[in-house]
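2 protein chains.
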Amino acid sequence: MIPTCYCWTSLETLATEVFKHAGVSAAKAKIVAESLVHADLRGIESHGLSRMPIYVKRIEAGLIERVVEPQLVMQEGAAALIDGKNQLGAVVGLMALEQALKLARQTGIGFVGVRHSNHFGTCSYYAERAISQGLILLVLTNAPEAMAPSGGIRPFLGTNPIAVGIPAGQEPAFLLDMATSVTARGKIVMAAKKGEAIPADWAIDQNGIPTTKPEQALLGSLLPIGGAKGYGLAMFIDLLCGLLTGAAFGPGVKSLYDNWEHPQNIGHIFLAIDIQKFLPLPLFQQNMDEYIRQVKNGPKKEGTSEILIPGEIESRKRRERLQKGIPFSLNVEDELSQLCAAYGLDLKAARIAP
Amino acid sequence: MIPTCYCWTSLETLATEVFKHAGVSAAKAKIVAESLVHADLRGIESHGLSRMPIYVKRIEAGLIERVVEPQLVMQEGAAALIDGKNQLGAVVGLMALEQALKLARQTGIGFVGVRHSNHFGTCSYYAERAISQGLILLVLTNAPEAMAPSGGIRPFLGTNPIAVGIPAGQEPAFLLDMATSVTARGKIVMAAKKGEAIPADWAIDQNGIPTTKPEQALLGSLLPIGGAKGYGLAMFIDLLCGLLTGAAFGPGVKSLYDNWEHPQNIGHIFLAIDIQKFLPLPLFQQNMDEYIRQVKNGPKKEGTSEILIPGEIESRKRRERLQKGIPFSLNVEDELSQLCAAYGLDLKAARIAP
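Protein chains in written order, with the working numbering: chain A, 1 to 354; chain B, 1 to 354.
Bound conformation, chain A alone (with noise of 0.2 Å):
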């Protein structure tokens, strides 16, 4: 069966009602929409408008806010500090990296943190834009409780991803997004629900067991990557977005999920780079582009057709979905289609014709 394909800008301008139904404003609502559509068309579903529901129940919940704007808490030679006010994430998150990248551009670097902030969405949507201005962009952020420190066995710490946008010239620019666990929680979910066993190095069990049982891995901790070293590197990420902001950290950043109490107070920091301080735009591009294909053009494995860069397979993925359109998986067109509909919205009219 050829699944439903879905127009990105339709999706967008759907997303943008759909936020501005739940009180939102038109420009952060579209702010919002384009930050999910812009997961769908990587191909990062998990990240993309299946996260749409959740944002708008806790809204509806008054578990974040709709009209107090963030604000600029401090801000003094290349450093600033900005309190979302519980806005919306990638609202939050567009302000902060739109901070850094003014900064950069005075002063060489802009780094930026953020506290009181939500989920807001992929780190690649911020890398992209910065990509797209000429500036290498870093973005962190923390996120609740998943993986237990080494020899721990209780969760601690988030997923805390960290991601670096670089731009190039002919070449795609390197673009790493990845989460410091060895996978997300939400493919333990996905093997649970087919009855899968799941490899014994994604989690351990509620005793810090390794187990193939995605039941008791959901029961226990995810894994980092690299154990004591992926452990090191989310803490990292969890003390500059947390302590460094006065954000949440470790168990008391709230999950998107579970929690009806409380706000998610989660912290990020966007570190950006203005390369022409090092060397000119074009020549630094020439040489992304030659370093690439020099990685690209050596010898492969048995077996492999090609050597890829960071976000190579997401970039040529979003041309193919700017054409041919978005396909979701069942359960989130339900999802989406209920939601719509609550608001008096059409999910079908964002369909592509087969």
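It is possible that part of the hints are untrue.
Repeated chains share a single entry, so a pair holds when one copy, or any two copies, can fit it.
Calculated cross-link-like contacts (lysine to any residue; reagent style SDA-like; alpha-carbon spacing at most 20 Å) [unchecked claim]:
| id | residue 1 | residue 2 |
| --- | --- | --- |
| 1 | K102 | E76 |
| 2 | K194 | I2 |
| 3 | K102 | Q75 |
| 4 | K20 | L345 |
| 5 | K300 | L218 |
| 6 | K301 | N207 |
| 7 | K85 | E65 |
| 8 | K300 | G151 |
| 9 | K300 | I153 |
| 10 | K193 | N331 |
| 11 | K301 | G208 |
| 12 | K296 | G208 |
| 13 | K301 | R154 |
| 14 | K20 | E34 |
| 15 | K254 | L63 |
Hint data in this document are derived by calculation from the structure and do not stem from the laboratory.
Start from chain A and add chain B according to the hints.
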């Protein structure tokens, strides 16, 4: 057999003398000696005085500069670029660190790129100094080819480490210092020196087959942590340290051990953050202490006596070795002894009476 232990101050004095005999100025010799003994104190023998013989060999071969000073070639706002002029890595690194700390105090953030440098010891040497001054430091460096890209079979990327130092109050500071490979190349060099086998998941041989033989691993490729994630991290570090600064990158970074025609041309990045721009340092330190205690007091896996913070093992080792002295493996002891003797110096003079 109880190994002979050496007094760290005597070792620093002795190593300083060795470098002076090799034609390095007293001030520079002292820095390099200090950076190497720093690693030995923390139990990182692979990056300690075991590197002194190869440093000296490269100095004597004219592949490391003795006289010309590193130069600040750009400083604008919060960003700076240093040309190491092929000086000893620790000399260049320390200058870059000081520039980053100075800029951070002025503008909140200091971002310093470095080109034309050499192996600069452990990243933790710089992170420890930043911590002692109450600043956060992120250090990146590229390194000679050691890891194949995901899907490739020939080394392209170095084991490109990332280090982060974050000061605490009463508790030991957070000090993460990790290669992006499963293990550091230096550990395989040590295993080769000691004639020991290595775990099968550390590396592949020239044909892409996992190997337990360090000699085969050194001819093949190390494996990154977390598969494609570690590959992405190592590449981001290479792009910043190499492409952005104008240093060598990828296989263009020359080997410390195997290349006798060219300087290494290593690149580094130092990012310093002044905590006090965000919140008062004592409050941050107090929060760090609480965070660390919360992690350490969490429930533990059966058989785990203690949950550790990144850098905690090394900080304990340091306290122990400051008092009881530093032991060396026999190979390293022999090599150091010979090197000292060649300059009319006696390693035995640094021994602690048993």
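Of the hints given before, which are not true for this structure?
none
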